[in-house]
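Number of protein chains: 2
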Amino acid sequence: MNELNILALSGSLRAQSHNTALLHAARTLIPGGLAIDIDDDLGRLPLYNQDLDGGTPPVVVAEFRARIAAADALLIATPEHNASIPAALKNAIDWASTAPEGLLRGKPVAIAGASPGPFGSVRAQLVLRQVLAAVGAEVVVKPEVTVFHCDTRFTGDRKLSDPCTADLLRELLDALARKIHPYTAAK
Amino acid sequence: MNELNILALSGSLRAQSHNTALLHAARTLIPGGLAIDIDDDLGRLPLYNQDLDGGTPPVVVAEFRARIAAADALLIATPEHNASIPAALKNAIDWASTAPEGLLRGKPVAIAGASPGPFGSVRAQLVLRQVLAAVGAEVVVKPEVTVFHCDTRFTGDRKLSDPCTADLLRELLDALARKIHPYTAAK
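Chains S and H supply the protein sequences, listed in that same order.
With this note's numbering as the guide, the letters of the first sequence map in order to residues 1 to 187.
With this note's numbering as the guide, the letters of the second sequence map in order to residues 1 to 187.
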């Protein structure tokens, strides 16, 4: 069996992001047969503008859409900005969803999020589920991975040190793998 | 009495946007003593990144924050992208809210939205209310201005031609003016 390819998107653009660190942790925890490629630079995409989205979209957009198309599934880690998802993440989803091929319809997606406060991005994750439902993605329902007080769960060099979070991430990736198999079988 | 200044933000970046056209219509319908300045280019702001938001934020961000600070109130017109608000609008709100002075706390805001479909951006407006509540803005509750089937309500050169929408916009601006007065009185 070929390796299945998961594209992991970080909703945070800052270099020291715990959400990006969560994706790096996921890479060490994946079940056999899966590979994770991390995109932690969604800020390179221009803000969505229908006028830019004609026959020849910007090169960075075309490259991003090709990466989404090539992925068997997505893993998204999101911080919470003002009770919702960051603009950078919404922007990436809007560009992916407006591709003529409908890139997110039926795509398996797992979501997680980390925040330094006591809520662990729960509100952002609810908004993210609503947006992903609108684009027709197949989102993993459980477990919910809400990494609250995230700065207590990583080492100084941003390695995941909390076994409970590691167990949850492993469970999330297993659930995502189970979603991929019926999807790829239907191709 | 000095004229009160409303900054109008369009959530759409495309040139032929009905949401931007709605803001131009509002300009012709405002009660005496108010002036509307339109910002229809939120795409000039970089995607929010905390690493860019130190002591010296990007010039375009500083200028945008100064415009928000100088406004007595905001009027926002939003399309709906994937059951939520456009990334460009979320991004603008995130940059305004993260200014050290807390620019949106207590700021009077009126919202409206237009879409060519039958829902008139209702879901986007619910998300927008949630985000504006998180930043502490004082959002006008009624009327709800959901301009569905918007392409039937403007002339070919994007002038508002529907008297019902014009009445609703006038009512919205009156409600916004009533919100501004207690706010400025408390300054």
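If you are wondering where the hints come from, they were derived from the structure by calculation, not from laboratory data.
Source: prediction; values computed, not measured.
There may be inaccurate statements among the hints.
Identical chains blur together in the list; that is why a pair holds if it fits in one copy or across any two.
[Unchecked claim] The calculated lysine to any residue pairs, modelled on SDA-like cross-linking and capped at a C-alpha distance of 25 angstroms, are:
1) LYS159 x VAL59
2) LYS142 x ALA83
3) LYS142 x ALA99
4) LYS159 x GLY55
5) LYS142 x ARG105
6) LYS159 x ASN49
7) LYS179 x VAL60
8) LYS142 x PRO57
9) LYS142 x LYS179
10) LYS179 x ASP151
11) LYS179 x ARG158
12) LYS159 x LEU45
Unsatisfied constraints (hint numbers, rising) = 1, 3, 4, 7, 8, 10, 11 and 12
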